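> Here are the chains, one letter per residue:
Number of protein chains: 2
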Amino acid sequence: MKENKYDNDIFFEKYSQMSRSKDGLIAAGEWETMKSLLPDFSGKRMLDLGCGYGWHCIYAMEQGAASVIGVDISHKMLEVAKKKTTFQQVKYLCSPMEDVDFPSESFDAVVSSLAFHYIADFEPIVQKIHHVLKQGGSLVFSVEHPVFTAEGSQNWCYDLEGVIKHFPMDNYYYEGKRVANFLGEDVVKYHRTLTTYLNTLLSNGFELTKIVEPQPPEHMLEIIPGMLDEMRRPMMLIVSATKK
Amino acid sequence: MKENKYDNDIFFEKYSQMSRSKDGLIAAGEWETMKSLLPDFSGKRMLDLGCGYGWHCIYAMEQGAASVIGVDISHKMLEVAKKKTTFQQVKYLCSPMEDVDFPSESFDAVVSSLAFHYIADFEPIVQKIHHVLKQGGSLVFSVEHPVFTAEGSQNWCYDLEGVIKHFPMDNYYYEGKRVANFLGEDVVKYHRTLTTYLNTLLSNGFELTKIVEPQPPEHMLEIIPGMLDEMRRPMMLIVSATKK
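These protein sequence lines map, in sequence, to chains B and D.
FYI, the numbering for the first sequence is 691 to 934, going by the numbering used here.
FYI, the numbering for the second sequence is 691 to 934, going by the numbering used here.
Derived by calculation from the structure, the hints in this document are not laboratory data.
Computed from a prediction, not measured in an experiment: that's the story for all the values here.
Among the hints, a few may not be true.
Since the list gives no way to pick out one identical chain from another, each pair is judged satisfied if it fits inside one copy or across any two copies.
Lysine-lysine pairs mimicking DSS-like chemistry, simulated, CA-CA at most 30 Å apart [said to hold, decoys possible]:
{"#": "1", "residue 1": "772", "residue 2": "824"}
{"#": "2", "residue 1": "824", "residue 2": "734"}
{"#": "3", "residue 1": "934", "residue 2": "766"}
{"#": "4", "residue 1": "818", "residue 2": "772"}
{"#": "5", "residue 1": "933", "residue 2": "773"}
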């Protein structure tokens, strides 16, 4: 069963109200870091796995990409993406990313933003990406950090006055399914260790070029409620790699 | 001020009673993982930074190393190392690792076991290692995992009955000094993020070849008290890299 929470009406409506949904990349705390790791898209063929609203597809086109394919499992997400996208060279494909099939070396760059933690098996996806990337091509992806997914609840620990004490680390080496509450709904995600994320790339023909745990940006620290607490735990991991 | 807790009489005596001190590598939960990442030492010149009792120096010689230099800040540790070591090709040097100075490309391999988290600044050490390694040479090191060093106390959270609830994650992005209790003594360590550990290597001429968070070995899980709990948090990080 492949996870497609975003086609759930209630969840989708709530997701649509998030600032990162309404305002796009600029409202995402990790965007500045992610952007700094992206390759030069000029004249390149880009694949976005789990493209959602298509923000990264549009960005690649704005940076001069030759063509973009955005893949997402959710019809609802792609409906919005299609409305937002004016570039004819962007094609959207409604499919679980595990099932897509492209000829060898079809892309110069593969991007995936906060999607791989919905995937039960990481290695087949890595092998697929290796297959479709040309040699020297780039993979850049973000996922929820293993620290954030390990325990399962994704909730802070609070004291009796409701003040945050710390974030709980537990179950780290027990990889697999977690059910976390996101926007008031149960969402299934998959925890895997940092070892698994990085060594799966290294053992499948990738060279790691950068690994970053994005910090909350300075200008958001004081103005966005809760953002200062994000200095206390790593919530995301961004990795860039090239096909050897 | 460079950390030299191991020359403190009381601390040293307590450390000497640990099973990893008495029984060597085989008693260290991470050894099997560390060993699998080490290069072939046959005919090689090896440098061990923070060599302690010299276990890794001796191991390298047993594997056919041509010569080994073990560096440690603690006289007491090196006294024991010298007694344990029968190989004439091993030289021990009592010095903070930050202060050693070797000609360019003097070594084929650099090893460091659980020592870099005592060092305030990581980048100068990485640059030094890059300088003394020959091209294609290996660096393999273990450190306390950023998850383990972040909060500071290195203690589990317990419920009122004294049962472990989880391990606390806090202060992750605030790098720097931590004072943890180890063997009943205050020990100064330095927390740094995974981002810092890995990108400092990547941006100073190293290629990452493997990143492993060693799990407690199967055969220790049931027989060593507390070992099963080590499945709940990553305590160490082992990295192998080569000089590009």
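> State for each hint whether it applies.
Evaluated hints:
no. : hint      : in the structure
1   : 772 x 824 : within (27 Å within a copy, 53 Å between copies)
2   : 824 x 734 : within (11 Å within a copy, 37 Å between copies)
3   : 934 x 766 : neither (36 Å within a copy, 46 Å between copies)
4   : 818 x 772 : within (25 Å within a copy, 52 Å between copies)
5   : 933 x 773 : neither (33 Å within a copy, 48 Å between copies)
Of the hints listed earlier, those the structure fails to meet are numbers 3 and 5, in rising order.
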